[in-house]
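Line by line, the protein sequences give chains S and P. Heads up: the first sequence begins at 1 in my numbering, then just goes up one per residue. Heads up: the second sequence begins at 1 in my numbering, then just goes up one per residue.
Derived by calculation from the structure, the hints in this document are not laboratory data. One or more of the hints may lead you astray.
[What the hints assert, rightly or not] FRET-style restraints, in silico, Cβ to Cβ:
{"no.": "1", "chain 1": "S", "residue 1": "His26", "chain 2": "P", "residue 2": "Gly77", "range": "40 to 48 Å"}
{"no.": "2", "chain 1": "P", "residue 1": "Gly104", "chain 2": "S", "residue 2": "Val17", "range": "24 to 32 Å"}
{"no.": "3", "chain 1": "S", "residue 1": "Arg2", "chain 2": "P", "residue 2": "Glu94", "range": "39 to 47 Å"}
{"no.": "4", "chain 1": "P", "residue 1": "Gly30", "chain 2": "S", "residue 2": "Glu43", "range": "23 to 31 Å"}
{"no.": "5", "chain 1": "P", "residue 1": "Glu97", "chain 2": "S", "residue 2": "Thr37", "range": "15 to 23 Å"}
{"no.": "6", "chain 1": "P", "residue 1": "Ser92", "chain 2": "S", "residue 2": "Asp58", "range": "19 to 27 Å"}
{"no.": "7", "chain 1": "P", "residue 1": "Gly30", "chain 2": "S", "residue 2": "Ser60", "range": "14 to 22 Å"}
{"no.": "8", "chain 1": "P", "residue 1": "Gly105", "chain 2": "S", "residue 2": "Thr21", "range": "39 to 47 Å"}
{"no.": "9", "chain 1": "S", "residue 1": "Leu4", "chain 2": "P", "residue 2": "Gly43", "range": "37 to 45 Å"}
{"no.": "10", "chain 1": "S", "residue 1": "Thr21", "chain 2": "P", "residue 2": "Ser92", "range": "23 to 31 Å"}
{"no.": "11", "chain 1": "P", "residue 1": "Ser65", "chain 2": "S", "residue 2": "Pro34", "range": "25 to 33 Å"}
Everything numeric in this text was worked out from a predicted model, so none of it was measured. The C-beta atom is built at its ideal place from N, Cα and C for all residues, glycine as well.
So you can see what is in the structure, the chains are spelled out below.
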Amino acid sequence: MRRLLERAFPDATELDVVDRTGGGDHFQVVVATPSFTGLTLVEQHRRVYDALSEPLGDGSIHELRIKTRGTP
Amino acid sequence: MSYSDRIRDVIEHSDVAIFMKGTPQFVMCGNSNRALQALRRAGAPVTAVDILPDPQIRQELSAISGWPTIPQVFVKGELVGGADIVEELEASGELEETLRDRLGGDYAGARDEKTISLV
């Protein structure tokens, strides 16, 4: 997951993936990147979903919490 | 009417619509509950739709909204986000601001909560 996010957001100033339960299917991701600046939260989260479309689509992510922000 | 037509109808004609797992009286998922509680704190007049009775509802909803997860919250036809965004906007006060802008200053007066069944 981290690799997918790093590939999608190479300019990220903060990028974090936490396995919330230790079970490998409940995750919290944090992405802060200049490319999010000026985007609504819906647009920012859509980009995270797009980056993770594969693990989301095959069901390997059961729950995903997302925290994003644009950075200067 | 197909699910898609009825989903669009709810989205377009509800002040605040939440598509969730379970109902406000019996919430079946922590994330749906987080979004619902944030909406309640903001005093939103919520129209809730339970997506669990038929997996087809969720598929058709996500095809319409382009949003892969549940819950999904709409204000006046526009997607506001899922649980994380709704909580974040409520905490910052932006959710109430959005509701005032789009529903009018006295939106919390109605304070009604209803549930619509699609099946």
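A quick look at each hint next to the structure:
1. S:His26 - P:Gly77: 40 to 48 Å: The hint (40 to 48 Å, Cβ to Cβ) is violated, given that His26 (chain S) and Gly77 (chain P) are roughly 31 Å apart.
2. P:Gly104 - S:Val17: 24 to 32 Å: This hint is violated: roughly 41 Å between Cβ atoms.
3. S:Arg2 - P:Glu94: 39 to 47 Å: Given range 39 to 47 Å: violated, Cβ gap about 30 Å.
4. P:Gly30 - S:Glu43: 23 to 31 Å: Since the Cβ atoms of Gly30 (chain P) and Glu43 (chain S) sit about 25 Å apart, the hinted range of 23 to 31 Å holds.
5. P:Glu97 - S:Thr37: 15 to 23 Å: Holds: the Cβ-Cβ distance is about 21 Å, inside 15 to 23 Å.
6. P:Ser92 - S:Asp58: 19 to 27 Å: With Cβ atoms ~34 Å apart, the hint is violated.
7. P:Gly30 - S:Ser60: 14 to 22 Å: holds (19 Å)
8. P:Gly105 - S:Thr21: 39 to 47 Å: Because 42 Å falls inside the window, the suggested range holds.
9. S:Leu4 - P:Gly43: 37 to 45 Å: holds (39 Å)
10. S:Thr21 - P:Ser92: 23 to 31 Å: The hint (23 to 31 Å, Cβ to Cβ) holds, given that Thr21 (chain S) and Ser92 (chain P) are roughly 27 Å apart.
11. P:Ser65 - S:Pro34: 25 to 33 Å: Because 27 Å falls inside the window, the suggested range holds.
In this structure, the earlier hints numbered 1, 2, 3 and 6 are contradicted, and the remaining ones agree with it.
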